[in-house]
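A.B. asks: Could you put the whole structure together from the sequences, leaning on the hints where they help?
As given, the protein sequences belong to chains A and B, one line each in that order. The opening position of the first sequence corresponds to residue 25 in the working numbering, with each subsequent residue numbered one higher. The opening position of the second sequence corresponds to residue 25 in the working numbering, with each subsequent residue numbered one higher.
There may be inaccurate statements among the hints.
Same chains, same label: a pair holds when it works inside one copy or across any pair of copies.
As the list claims (entries may be wrong) - Derived SDA-like pairs (lysine to any residue); straight-line CA-CA distance at most 20 Å:
(1) K47 with R32
(2) K72 with N82
(3) K47 with A131
(4) K47 with R30
Honestly, the hints are just simulated from the structure, not real lab data.
2 protein chains.
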Amino acid sequence: MSQPPRFRIRIVFGPDAMIGPGKAELLERIAATGSIAGAGREMGMSYKRAWQLVETLNAMFREPLVRSTRGGARGGGAAVTEAGRAVLAEYRALEAQAEAAGAPHAARLQAMMRTAPGET
Amino acid sequence: MSQPPRFRIRIVFGPDAMIGPGKAELLERIAATGSIAGAGREMGMSYKRAWQLVETLNAMFREPLVRSTRGGARGGGAAVTEAGRAVLAEYRALEAQAEAAGAPHAARLQAMMRTAPGET
Chain A
25 MSQPPRFRIR
35 IVFGPDAMIG
45 PGKAELLERI
55 AATGSIAGAG
65 REMGMSYKRA
75 WQLVETLNAM
85 FREPLVRSTR
95 GGARGGGAAV
105 TEAGRAVLAE
115 YRALEAQAEA
125 AGAPHAARLQ
135 AMMRTAPGET
Chain B
25 MSQPPRFRIR
35 IVFGPDAMIG
45 PGKAELLERI
55 AATGSIAGAG
65 REMGMSYKRA
75 WQLVETLNAM
85 FREPLVRSTR
95 GGARGGGAAV
105 TEAGRAVLAE
115 YRALEAQAEA
125 AGAPHAARLQ
135 AMMRTAPGET
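C.D. replies: Below, the structure is given as structure tokens:
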């Protein structure tokens with residue numbers, strides 16, 4: 025029995041405005057770790073890359089999604105704002121709704137696929 | 025008035041088995057042009073890359089999605105098979121259903137976004 029297919033959904037609002045699984049996961053990990061660098065590290069991302077993504081997210085929305093206190097004794101911390109939690113919740117809800125709606129088609133695609141070696 | 029957001033959806037069936045907007049567009053363009061190289065060229069893709077994607081697609085499914093006649097007088101042609109058309113139709117239907125289901129959330133995300141410069 026093979027795994028159900030997973031959906032990776034990127035929403036493109038404009039040429040420089042998009043949100044997808046990477047940014048959503050980064051927000052979640054910042055909320056969990058209280059650190060942009062720590063969240064990025066967990067995702068195998070450089071410090072610079074994680075900061076760039078946060079800056080992109082903060083520039084995309086009317087209100088910042090992440091607030092940081094740079095340069096403190098422990099290198100500063102970061103928190104996901106109320107706007108950030110709202111954006112994350114909408115994205116996760118969108119994913120869930122889209123996956124539920126697409127699931128019958130995904131199952132039919134999967135049925136047309138070759139069985140991977142080792143699978144039964 | 026800004027454009028409605030677009031969804032880019034990748035379905036991940038396994039570590040090496042996924043289908044998304046690029047493969048779908050390639051299939052469509054092969055059907056339209058009758059040529060793998062021509063389809064790839066239209067997408068700004070190298071000949072090698074287009075062939076690799078076709079080989080990946082053909083290996084993923086029980087039946088080939090693209091049949092090619094390599095090395096003819098005009099360098100060979102290619103056609104999308106019945107299985108290929110079925111896969112493409114399922115993917116496009118999945119996209120449409122997922123977009124419709126996700127649209128209210130995407131609209132709420134868009135409403136939280138900063139208005140881009142020049143937009144009203």
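A.B. asks: Each hint needs a verdict: does it hold in this structure or not?
C.D. replies: Right, here's what the structure says about each hint:
Taking the shortest Cα distances, K47 and R32 sit within 20 Å of each other both inside one copy (12 Å) and across copies (15 Å). Taking the shortest Cα distances, K72 and N82 sit within 20 Å of each other inside one copy (15 Å), while across copies they are farther apart (39 Å). When the C-alpha separation of K47 and A131 is checked against a cutoff of 20 Å, the pair qualifies only between copies, where the shortest distance is 18 Å, while the shortest distance within a copy is 27 Å. Taking the shortest Cα distances, K47 and R30 sit within 20 Å of each other both inside one copy (17 Å) and across copies (17 Å).
In summary, this structure violates none of the numbered hints.
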